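Chain order of the listed sequences is E and Z. Counting in our numbering, the first sequence runs from 1 upward without gaps. Counting in our numbering, the second sequence runs from 1001 upward without gaps.
Since the hints were made in silico from the structure, they are not lab data. The structure displayed is predicted, hence computed values, not measured ones. Heads up, some of the hints might be wrong.
[To be verified] Covered stretches of chain E (chain Z as the covering partner; in silico rule of three or more C-beta atoms under 8 Å from a C-beta of chain Z):
#	segment
1	62-76
2	99-113
3	179-189
4	204-213
5	304-317
[Unchecked claim] No more than 30 Å apart at the CA atoms, straight line, and that leaves these computed lysine-lysine pairs for DSBU-like:
#	chain 1	residue 1	chain 2	residue 2
6	E	Lys367	Z	Lys1243
7	E	Lys367	Z	Lys1285
8	E	Lys235	E	Lys299
Just so it is clear, CB atoms sit at the ideal spot from N, CA and C, and this is done for glycine as well.
Chain residues, written in single-letter form:
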Amino acid sequence: MKLYEFEAGDLFRQEGIPVPHFIVADSPPQARRAAEKIGVPVVVKAQVLTGGRGLAGGVQSAESPQQAEEIARRILKSSVRGLTVNRVMVVEKAEVAREFYLGVTIDGLTGKVVVILSTAGGVAIEDTARNHPEMVVSRQVSISAGLSLPEAKEMAQEARLDGDESARIAGILHKLYLVFRKYDALIAEINPLARTVRGDYLALDAKLEIDDSSLFRHQDLTLSAEDPLASPLEKKGRQIGVTYVELDGEIAIVSSGAGLAMATMDIIGRRYRPANFLETGGGISEELLYNVMELVMQKKGLKAVFLNLLAGINPIHEGAKGIVRFLREHPPDIPIVARALGNRQEEIWQILKEGGVEVVADVATEKSVDYLFRRLEETR
Amino acid sequence: MSILLNRETKVLVQGITGRVGRAQTKWMLEYGTNIVAGVTPGKGGEMVEGVPVYDSVAQAVAGSGAEASVFFVPPAAVKDAARETIDAGVDFIVVVTERVPVHDAMEIKDYASDRGVRLLGPTSAGIITPGEAKMGIMPGNMFQPGRIGVISRSGTLAYEVCLNLAAAGMGQSTALGMGADPVAFTSLSDLLAFFDADPGTDQVVIIGEVGGTQEEHAARFIADRMTKPVVAYIAGRSVPEGKRMGHAGAIVQGDTGTTRSKINALQKAGVAVTEYPGDVAKLVKKRLGQQ
Chain E
1 MKLYEFEAGD LFRQEGIPVP HFIVADSPPQ ARRAAEKIGV PVVVKAQVLT
51 GGRGLAGGVQ SAESPQQAEE IARRILKSSV RGLTVNRVMV VEKAEVAREF
101 YLGVTIDGLT GKVVVILSTA GGVAIEDTAR NHPEMVVSRQ VSISAGLSLP
151 EAKEMAQEAR LDGDESARIA GILHKLYLVF RKYDALIAEI NPLARTVRGD
201 YLALDAKLEI DDSSLFRHQD LTLSAEDPLA SPLEKKGRQI GVTYVELDGE
251 IAIVSSGAGL AMATMDIIGR RYRPANFLET GGGISEELLY NVMELVMQKK
301 GLKAVFLNLL AGINPIHEGA KGIVRFLREH PPDIPIVARA LGNRQEEIWQ
351 ILKEGGVEVV ADVATEKSVD YLFRRLEETR
Chain Z
1001 MSILLNRETK VLVQGITGRV GRAQTKWMLE YGTNIVAGVT PGKGGEMVEG
1051 VPVYDSVAQA VAGSGAEASV FFVPPAAVKD AARETIDAGV DFIVVVTERV
1101 PVHDAMEIKD YASDRGVRLL GPTSAGIITP GEAKMGIMPG NMFQPGRIGV
1151 ISRSGTLAYE VCLNLAAAGM GQSTALGMGA DPVAFTSLSD LLAFFDADPG
1201 TDQVVIIGEV GGTQEEHAAR FIADRMTKPV VAYIAGRSVP EGKRMGHAGA
1251 IVQGDTGTTR SKINALQKAG VAVTEYPGDV AKLVKKRLGQ Q
C-alpha cells in the first residue's frame, strides 16, 4: 500500500525525521488559509501516488496566500499522470543549499535490506546509479541485525560527507531505517533530503509503501481508505475475494491461478487483447464463480469470456454451478468458452454444457484458445 | 531419484487441525506421503486422518522423528512457527501460506540460512515427487513419475506444463513451487543446483513469471555451473507496469521484473525459452532426442 506524501510525512515526523511545516488542503480557500498560517513563500504539492509530479505541473511555488489559492484551484480536481488530485499539501518553502537521497528497500533475491545514500538528491536513484555510481553508497544489511547508527555513520563517511553534515545525515538515515522496519515497508525514501541555507536538514519529500500482507499489525494507522490506483471493477474484485486487474481489451479471462491467468493472457494476446486478469485463488465455490461471472461481464466491449480452470484441490464442479446459474439469469450475447481439466472433469463438462458454456478440454491452453479464435472469426 | 522429498521422508503437518490442513493431510496421505505427525498448539492428543497431533514441534519431532514440515498455518503465525520448527531440528520446510509479511519472510530466511535449513515459499504450491510423496497442495493427478525436474513460481502453471509433459510421455523427478512472493526463501539458482546434482534428473524446466530478478540471477548460475539442459517459460509478457498480478511478487516496476529482461538473460545462458507454456514439452523432448 502506497502512502500519500502527507501521510508518510506525518509518520516520518513522528519518528523524529525533520519534515517541513505543512498543512493538507482539499479546497482552494483552505490552501490560502494554510499559506497564511505557515507564512509565504510556500510550495503547493498535488497529492497523487505517482512520481514525476513536478514535471507534470503538480508542484508549484506561491509567493502569497492568494497565489496559493489560485494554484490550488488549478491543481485540485485536475489530473496528474492520469490520477485525479483530491488534496494538495501546502508546505513551507525551504531555501536549499544541497540535496541528498536517502532510501531503504528490499533486495528480493538475497532477502536483505538495501540502504542507500546518495549525494545527488532530487533525481531518480536509478539514474544516479547508472550515470554517477561514485555518488551512491549502498549497503545490504540483514533484517535480523538491522542498521545500527555506527553503520549509518560509516555510510555517510563513505559518501565523503564531512563532520557535522555526516553526523546529521547518518542520524536521519538511521531513523529512516527504523521507519522502514516499524511499518513493514517495502520502500522508505526521502528524495530529496535538503540542507537549507540556514543549515537545517529537511525531508522535502516522503515516500513510504507498506507491505499489504503486514496490514493486520498496523491497524492503528489511520490512512486514507480510498485506493485511487484501483478501478471500480478492481475494487469489486477485492470485495468478492479475487484478484481482478482491469486491462484494455475485449476478451475476459477467468483462471484458477495467477500463473495460469498470466499465461492465458499471453496466449490470447496472439490475436486479441485481454480485458482483464482474474485469479480465483484456492477458494472456489458456487457463490464465488457466480460473483466472478457477474464481475467480468460488466466490462464494456467484451467479445468473449474465456475460463481456464484446472481442477486440483479446487472444487471446480461446485464453481461450475455458479457459472451456469449466472448465465441462466443473464443470457450472454457473446461466446463463453471454458477449458476445464482435472478432478471430476466429466461432471464439470456436463454442468457447463447444459448451461450453454462451450467446453474445450485440450491438454494445452493454446489449443483451447485456438478454438476461441475460430469462434470469434465465425461470429464476425 | 528426486530432490528434497521421497517416499521415506518423515513429514510433519503444521496447522493440521485447520480446514485446509485437514483436507490436505488426507490428500497427501492418499498419495502415499509418509506423514508421521501433526502440530496445532492446544490440540495435542487429537488424531487427524489417523495422524497423531502434538502441541509443539519439539514434541512432534521427539515422538515421531519428523524431518520435514509443511505449513498450513495463518500468515501472522508463520514466523514463530518457522523458528520453532528450525529449533526442533527439522531441516526442510514448505510454507504454503500466502500473505506472509515480507519482513517476516526475510527474518525467517536469515534464521534458516544461519542453521542450514532449506525452505520453500512463502506462497509455495508445495513439492511433489511423483509416485512417491507430496507436501503442499499440488494435485497428484497432474504429475507423472519421470526424469524432468520442474521449478515453478506458480502452482497452476506447473500443473499446466506437467500435464503437457505427461501427454508427451515425460514425467517429473520432482516438481516444486518456489513461491510467488517478493522474497523467496530459496533462490532459483539453489534449486537448480539440487536438480543438477540429482542422478534421477535429466533436464530442468523453469516456469517463471514477471517480477523480481530470480531468473536473471539464475541465468548466471546456468552459464557458469549448470551441466544439465534447461528449458524455460516466463509468463506475463502482456502484464502492465505497476500492477500486482495475483502473486505478491508478480509486478513489473520500471524496467525491473519484465519478461524481456528474464528471457534475454536466460537465452544468453543457453536456455531454450518458449513463447507459450505448451511448447515446453516439445523443447524438452527435442533436447532429450539430442542427448
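To see whether the hints hold, each was checked on the structure:
1. Residues of the segment 62-76 of chain E with a Cβ under 8 Å from some Cβ of chain Z number 0, which does not satisfy the need for three, so the listed coverage is violated.
2. Restraint check on the segment 99-113 of chain E versus chain Z: 6 residues with Cβ-Cβ distances below 8 Å, three needed, restraint holds.
3. Using a Cβ-Cβ cut-off of 8 Å, 3 residues of the segment 179-189 of chain E lie near chain Z, which meets the minimum of three, so the contact claim holds.
4. Evaluation of the coverage hint for the segment 204-213 of chain E: fulfilled, as 3 residues show C-beta separations to chain Z shorter than 8 Å, against a requirement of three.
5. With 4 residues carrying a beta carbon less than 8 Å from a beta carbon of chain Z, the segment 304-317 of chain E meets the three-residue requirement, and the given coverage holds.
6. For the proposed pair Lys367(E) and Lys1243(Z), the alpha carbon gap of about 28 Å is at most 30 Å, so the pair holds.
7. Among the hinted pairs, Lys367(E) with Lys1285(Z) is consistent with the structure: their alpha-carbon atoms are about 19 Å apart, no more than 30 Å.
8. A threshold of 30 Å between alpha carbons decides the hint, and for Lys235(E) with Lys299(E) the separation of about 13 Å falls inside it, so the pair holds.
Violated hint: 1 only; the structure is consistent with all others.
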